[in-house]
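From first to last, the protein sequence lines stand for chains A and B. Residues in the first sequence are numbered consecutively from 1, following my numbering. Residues in the second sequence are numbered consecutively from 164, following my numbering.
Since the hints were derived computationally from the structure, they do not count as laboratory data. Predicted, not measured: the structure shown is a model, and the values here were computed from it. Treat the hints with care, since some could be wrong.
[What the hints assert, rightly or not] 30 Å max Cα-Cα, derived DSS-like pairs, lysine-lysine:
| # | chain 1 | residue 1 | chain 2 | residue 2 |
| --- | --- | --- | --- | --- |
| 1 | B | 629 | A | 101 |
| 2 | B | 713 | B | 744 |
| 3 | B | 460 | A | 29 |
| 4 | B | 479 | A | 151 |
| 5 | B | 720 | A | 107 |
| 6 | A | 161 | B | 642 |
| 7 | B | 711 | A | 151 |
| 8 | A | 60 | A | 101 |
| 9 | B | 730 | B | 713 |
| 10 | B | 744 | A | 151 |
| 11 | B | 276 | B | 583 |
| 12 | B | 460 | A | 101 |
| 13 | B | 460 | A | 53 |
| 14 | A | 60 | B | 474 |
| 15 | B | 583 | B | 323 |
| 16 | A | 29 | B | 552 |
| 17 | B | 236 | B | 248 |
[Stated by the list, open to error] Beta-carbon label-pair distances, calculated as ranges:
| # | chain 1 | residue 1 | chain 2 | residue 2 | range |
| --- | --- | --- | --- | --- | --- |
| 18 | A | 145 | B | 193 | 20 to 26 Å |
| 19 | A | 157 | B | 256 | 28 to 34 Å |
| 20 | B | 750 | A | 81 | 43 to 49 Å |
| 21 | A | 143 | B | 393 | 45 to 51 Å |
| 22 | B | 477 | A | 58 | 30 to 36 Å |
| 23 | A | 81 | B | 734 | 30 to 36 Å |
| 24 | B | 499 | A | 157 | 41 to 47 Å |
| 25 | A | 120 | B | 582 | 32 to 38 Å |
| 26 | A | 9 | B | 411 | 25 to 31 Å |
| 27 | B | 573 | A | 9 | 55 to 61 Å |
| 28 | A | 120 | B | 393 | 49 to 55 Å |
| 29 | A | 120 | B | 660 | 50 to 56 Å |
| 30 | B | 433 | A | 160 | 29 to 35 Å |
For glycine and all other residues, C-beta sits at the position ideal for the given N, C-alpha and C.
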Amino acid sequence: MAVKEVRDAVDIPENFERLQEVIDEYKGKSGSLIPVLQKAQEIFGYLPLEVQKKIAEGLKVPMSRVYGVSTFYAQFALEPRGEHTIGLCMGTACYVRGSNKILEKLKEELGIDVGGTTEDKKFTLEATRCLGACGLAPVMMIDENVYGRLKPDMIPDILNKYR
Amino acid sequence: MDIFRSHILICRGTGCTSSGSDQVADAFDKYIKEEGLEQEVKVVRTGCFGLCEVGPIVIVYPEGAFYSRVEEKDVQEIVKEHLVKGRVVKRLLYQESLDKDRIKSLNEVEFYKKQMRVALRNCGVIDPENIDEYIAMDGYKALTKVLTEMTREQVIEEVKKSGLRGRGGAGFPTGTKWEFVYNAPGDKKYVCCNADEGDPGAFMDRSVLEGDPHSVLEAMAIAGYAVGADQGYIYVRAEYPIAVRRLQIAIEQARNYGLLGENILGTGFNFDIDLKIGAGAFVCGEETALLNSMEGKRGTPRPRPPFPANKGLWGKPTLLNNVETYANICQIINKGGDWFASIGTERSKGTKIFALGGKINNTGLVEIPMGTTVREVIYDIGGGCPNGKAFKAVQTGGPSGGCIPAELIDTPIEYDTLVKIGSMMGSGGMIVMDEDNCMVDIAKFFLQFTCDESCGKCTPCREGTKRMLELLEKITEGKGEEGDIEKLQTLAMNIKDSALCALGQTAPNPILSTIRYFRDEYEAHIKDKRCPAGVCAALLNYIILEDKCKACGICAKNCPTNSISGKPKTPYVINQDTCIKCGVCMDKCPFGAIIKK
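One chain only, chain A, in its complex shape (with noise of 0.2 Å):
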């Protein structure tokens, strides 16, 4: 298999450039932080320091805000993620009918705990909060996707269509 060259997104001076439309097309209105660091982590996939404050100095509002507000939220990453991102649901309905051996097989066949990343960078592993598919529990989501009433043995065939 060949190997690809995967270069950080923060290397490719485009991507810059993109954060910087997004930036001037909030500058100004109120409200405008967390629709940017959205906005940033879809270009970005996660959000780096130099990232952050680029966004304090765009939006002019102090560093230790963007951060915090980086902080705060599940949704912002401040690590590259993989490729993947696997969301496990860990709601009380998937709960009650078994995840939670669902999530052993997933860590046993990544090799990672929850948060983690995968070393090939291919998957990164959640265990989100409902995604209101309780009829289907247990339920994960896989990008888009979502897979529902899973037993432990469809684990490998399913992340082998991501592999």
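Based on the hints, put chain B in the right spot on chain A.
Here is chain B on its own, set in the frame of chain A:
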């Protein structure tokens, strides 16, 4: 509008979409085209029908044939048999809907019989991405009525008369809230919708937004007229991408029709709505934390008073209601407050949507008149627990609520009765638990949740939830001591009294209610070092039954820690010192020879 001889309604709520309803809908398009029926049969992609358990769901009208668990490969048969030849494909029908040879109407099916759909009236009926279908169902009639026939005071009076109380959890009278904002001095006011549905196991707001987004937009415009606001915001979770997309489409269509924006219906009334997308924080469902988040700050709560009605978004008077509350408004205006007040009980009017989940046969979404008993919901509508297991308790109100045990199953569902028995209405999640669920473990689960989601601003919640969680961990690990239950109770009461916002004030509820009704389970963990339900791993041993073991060796092969040993023809043995109690051996044993004790 074209006239079609048949309508095919396909559920595209989250549950059915996850089960593959998109592919089913596309297949219908394809085969209908192949048969040349495009002018005769219309495919409608709707919101949630409620019975997520048997999705994807397809309903064909005029017969009302209710097809369940439809797969892509079944579609051609339905088209060829049902639509071309007029023969219903019985094999694919939801079996409950078949009465010998007759197809029952939806209202006769057990799951729907006791339901009454007010807030969900259009879910599963119309295409949520098409404003014309909403208008055809009397959509925007209520807005027209208030703008042309009613004064602002009359609107508030009608909502007060209905007795509607907030559906987000606390149950504050909606009309009174509107009046507060109406009376609040200020040149600029806002109308906000709390769509940050974070309670695990509750997905009614999601279904309303996905199935009938215009009903919320219209209600917000009515609220804007009543309280004197010209701008609305919907704060919606990022975890609900379909809801976000449908709201965006709905707002765009309403603007194009002149139903949002400037000079609505030529009456001089201006009102517009924008979306604010959340970034993942449970505490943002709390109203003051939500306002902070909308302003782009950390979502920590503010002390109250001042209440949002006086000082809300950017310090301006702000009306904040949740999705389901708004979804009732148009019906109240159209049919009158008296009509709404005639449904339900003395102090809880109208209907309430519940999300049934956990150990129950018919998982899904149900809307029932207030006052329906828990038993009717669990057994008549929900079909009881699967696999013949005994019903133990139902948890309502999420991490803020409590458990209703089997002996109180005849309790009517009302705001006040639920609080009296130590639970609460909450946003409407109902998680059913059977004999296999450990109540101490459930309390620990909720405490892990609130501990994680505590924003850290006030000490009682930040430190207190952590201490309570530690005590529960100690108990479930078999290290519990005499007096731990009392320690938990004291701590719980202190936190209830001193936390800043509802998250902290209600965080102890799951503990208090499980101690109240399942104290014996706590005591078994502490005194006997035993988990009666067989859940808490540290208190369990897996044992191979000698008389049932056929010495096949499957358990040993699957054991991740090589803790099982044996020889051919003699029963295998588990080494309890190295066993990590994962339970794989029990799952894999083909003879049922392994038990946990």
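Taking the hints in turn, this is what the structure says about them:
no. : hint                      : in the structure
1   : B:629 / A:101             : holds, 25 Å
2   : B:713 / B:744             : holds, 21 Å
3   : B:460 / A:29              : holds, 14 Å
4   : B:479 / A:151             : violated, 50 Å
5   : B:720 / A:107             : holds, 20 Å
6   : A:161 / B:642             : violated, 43 Å
7   : B:711 / A:151             : holds, 26 Å
8   : A:60 / A:101              : violated, 47 Å
9   : B:730 / B:713             : holds, 11 Å
10  : B:744 / A:151             : holds, 18 Å
11  : B:276 / B:583             : holds, 29 Å
12  : B:460 / A:101             : violated, 37 Å
13  : B:460 / A:53              : holds, 17 Å
14  : A:60 / B:474              : holds, 25 Å
15  : B:583 / B:323             : holds, 25 Å
16  : A:29 / B:552              : violated, 56 Å
17  : B:236 / B:248             : holds, 19 Å
18  : A:145 / B:193: 20 to 26 Å : holds, 22 Å
19  : A:157 / B:256: 28 to 34 Å : holds, 31 Å
20  : B:750 / A:81: 43 to 49 Å  : violated, 32 Å
21  : A:143 / B:393: 45 to 51 Å : violated, 39 Å
22  : B:477 / A:58: 30 to 36 Å  : violated, 21 Å
23  : A:81 / B:734: 30 to 36 Å  : violated, 48 Å
24  : B:499 / A:157: 41 to 47 Å : violated, 56 Å
25  : A:120 / B:582: 32 to 38 Å : violated, 52 Å
26  : A:9 / B:411: 25 to 31 Å   : holds, 27 Å
27  : B:573 / A:9: 55 to 61 Å   : holds, 59 Å
28  : A:120 / B:393: 49 to 55 Å : holds, 53 Å
29  : A:120 / B:660: 50 to 56 Å : holds, 51 Å
30  : B:433 / A:160: 29 to 35 Å : violated, 55 Å
Against the hints set out earlier in the document, violations occur for numbers 4, 6, 8, 12, 16, 20, 21, 22, 23, 24, 25, 30.
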